[in-house]
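Heads up: the protein sequence lines correspond to chains A and B, in order. Every letter in the first sequence is one number past the one before it in my numbering, and letter 239, counting from 1, is 239. One rule links them: number in my numbering = place in the second sequence (from 1) + 1000.
The set of hints was computed from the structure by calculation and includes no laboratory data. Just so you know, these numbers come straight off a predicted model, no measurement behind them. A portion of the hints provided could be inaccurate.
As a list, the in silico DSBU-like pairs of lysine-lysine whose alpha-carbon atoms are at most 35 Å apart [to be verified]: (1) Lys53(A) to Lys75(A); (2) Lys1306(B) to Lys1346(B); (3) Lys1067(B) to Lys296(A); (4) Lys53(A) to Lys271(A); (5) Lys1067(B) to Lys84(A); (6) Lys131(A) to Lys240(A); (7) Lys1067(B) to Lys257(A); (8) Lys75(A) to Lys1321(B); (9) Lys1346(B) to Lys53(A); (10) Lys240(A) to Lys134(A); (11) Lys53(A) to Lys1321(B); (12) Lys182(A) to Lys29(A); (13) Lys131(A) to Lys1067(B).
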Amino acid sequence: MKRFASMLALGLIVVFAQSASAQTLKAVKDRGTLNCGANGTLAGFGLPDAQGKWTGLDVDICRAVAAAIFNDANKVKFVPLSAKDRFTALQSGEVDVLMRNTTWTSSRDSSLGLTFTGVDYYDGQGFMVRKALKVNSALELGDASVCVQQGTTTELNLADFFHAHNMKLKTVTFATANEAVKAYDAGRCDAYTTDASGLYAERLRLANANDHIILPEIISKEPLGPVVRQGDDQWFTAVKWVLFAMINAEELNITSKNIDEMTKSTNPDVKRFVGTEGNYGEQLGLSKDWAVRIVKLVGNYGESFERNVGQDSPLKIDRGLNKLWNKGGIQYAPPVR
Amino acid sequence: MTMSEGDLAVTEIKFVRGATIAARPPPAAMTGALGWLRANLLSSPFNIALTILIALLLAWLIPELVKFLLIDAVWTGADRDACREVVQHREIGACWPFVWERWSYFVYGSYPIPQRWRVDVFFAMLAIGVVWLLWLEAPRRDLGSVYFFIVLPITSFILLTGWSAIGLPPVDTALWGGILVTIVVASVGIVCSLPIGILLALGRRSRMPAVRLFSVVFIEFVRGVPLVTVLFMASVMLPLFVPEEYSPDKLVRALVGIALFASAYMAEVVRAGLQAIPKGQFEGAMAVGLGYWQMIRLIILPQALKITIPNIVNTYIGLFKDTTLVFIVGIFDFLRTVEVARIDPKWAAPVTSTTGYAVAAIFYWIFCYAMSRYARAMEARLAQGDKR
C-alpha cells in the first residue's frame, strides 16, 4: 500500500511538472516573478553592479518580459548559470527563459527540446592585435601566434578560418579568458581572439588599450538570443514579441523619455504599438499597454544597447550589425498589427 | 698584601670553597635574540640551510608584496583611470578604490540596500555567539550554548529571510551574496557536521547491523561523490522530479548538501579518534555500570575528540574553503562576488583582478588562520594532563 501511494505521488508530481511547463506564462503570473537564467559574469550582458543590481543587454530583455507581464521591471529573479548547466536549468524548469549570450545554432534549436525566440545581439568572433604589428586584416595573420581560451568553439572557429585561408596557425591556449588576455598583454602572442563583444571588454583590461586595435574581420556568426522550452507556444510568442517590441519602439522613435507623449500620438503604427488601437497585447496573453510598459520601464532596443554595451557604457561597442535594418544593420522586427 | 691567622690553613686546602659562587649569566650566545636564533634557526647544518633558504624566499617575496599592496598602491579614485599606468604615469600596485567601492557588494551581494542592517545584526549576533562559546572565561557559558544552538539559528533565519508579520519584508535567498553567504554556509556546515559526524562514526562501529549498514553506505556514498556533483544534482536535477512549488530553496539545497558532505568526512575523522581509545577504557566504563550513552559521553568522546582536534580543524578549514564551490549552483559567495566585481568594465585595469584576488586571499587566510590558532590553544590546554 505504501509503495502504491508513493508511486502515485511520484506520478502526480510528474504530471504536475509537465502541466506547469506547458503553461509558463500562467505559472509566471501566479508566481509573481520571472525566473531568468543569466550570465552574471559578462560585462555589458549580465553582471551585477556595485549595488548588487543586475545590469546588461541580456538582463534588460528579461526585465522587459517582466515589465510586460507585471508592469514592474524588478519582478525578475536572476539565476546565474554557467555555460555548462544553462540548458539543463531551462529544461528542468528552474528558469522560464534563458537569456545568457547563447548562440543560436541548428543543433541547439532541434535536439535540446529548446527553441530560440529571436536575436538580441549579433555577435561574431574577431581578432585583437597590437597596432605596432601593422596588420590591418585578419588575412595578414599568417604565421602569427594567437592566444585563445581552450575548449571553446572559439578555438575551433580559429582553426577553421586559418585552414580555409591556407595560413599557418600557431595557437597558444589557456584555461581561462583571464589568463589568455594576460598572456597577450605580456607579449606572448601577436593576437588574441574571442567574440567581438568580449574583445571590447578585454581591451579595457590591457595595460594600454590604445596600443591595440580590433580587426574588421568577423570569422564566425554568433547570433545571441533568448531561449525557451519547446511545446509552449504562448510563452514562446510572448517572449519573442517582447524583443520585437523593443526593436519596433526604436524604429518608431519611441523612447523611455517620450513614451508619455507617444501614447497620445495619432500615427496609426504608434497607436497600435501603444495599445490605443486594437487589442494586440491581449492576443499575446499580455495587457493592452504591454509595449508601453516595456519602453517606459526598460527602454527601446537602441537605448538598452547604448546604455549597456554602446557609447554610454565603458565598452563602447560599435552597433555594426545590430543597427536597425533601415540604418544599415540587420535588426528587424515584424510590425505590431 | 697583609696576612691574617687563618691564611696558612686556607692556602693548604684551597680547593674547598666555603660558599657557592653566584650564578653567572649564561653565555651571551645562548640568551636573548642571539640565543633564540641559535636554538631555533641555526641548530644544525640542515636547519642553517633551511633558514637561509627561507630568508632568501622572504627577501624575495615581502618587498614585492609590500610594494604592490602598499607603496605603489592607489588609495583613492573614481574609476579605472586612477589605476592605469598609462594615465597616472607611474608604477601602479593594488587598486584599493575598486575594493572600497565594491566592498558592500562583497559583504552583502545583492541583498536589498534598505534591508542590509539585518545582515549587520546577524553578523553581530553571530560574533557574540562565537565569543560566548569559545572564550573559556565567558560568564554563563551554559546560556551561551543555548543562545548559539537554539536562539541564534531561529532569529537569524527570521531576520535574514524575513517575516512579513513582524514587519520584515521577505528577502529571496537568490539575492544573498558575498561574505554573508560564505559565513552562513560555513557556519551551518561547521555546526552540523560535528554532531552528525559523531553519530555516523558511532553508527559505523555499532553492533547493530542496520545502523552500521546505514552509516557505512551513507559515508562511503557521500565520500565517493565529488561535492560539485552533489550540489549540481541538488540544484539542477531536483526540479525535474519535484514541482516548483514544493522544491526547496536553492541555498537550502546547497546547505544540506554541504552539511551532509562535511558530516561524512567528519565521521571518519571521529572514527579515527574512537579507534585510538584502548579497549580497556570501554571495558572500564562498562564495569563501573555506565550505560552506552553515558560511556560515550563521559569516557570515550572526551578522549577521542581531544586526539582528533587537529583533524577536526583540518576538516573545518577544508570546509570553509569548499564553500566557494556553491557558485556552481549559481549562489554568489564571497569569491564569486570578487570574480564578478573584477569583470566590471568601470574598473577594468591590469591590476584589478590581482587586487580582487589579493583581498580574497587575505579574507580566507584570516579565517582559516584564526581557526587554526584557536585549535592550537585548545590543544595546548588539553595536553596539560599528558605533559606533567
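- prompt: For which of the previously enumerated hints does the structure constitute a violation, in increasing order of number?
  reply: Violated hints: 2, 3, 5, 6, 7, 10 and 12; rest satisfied.
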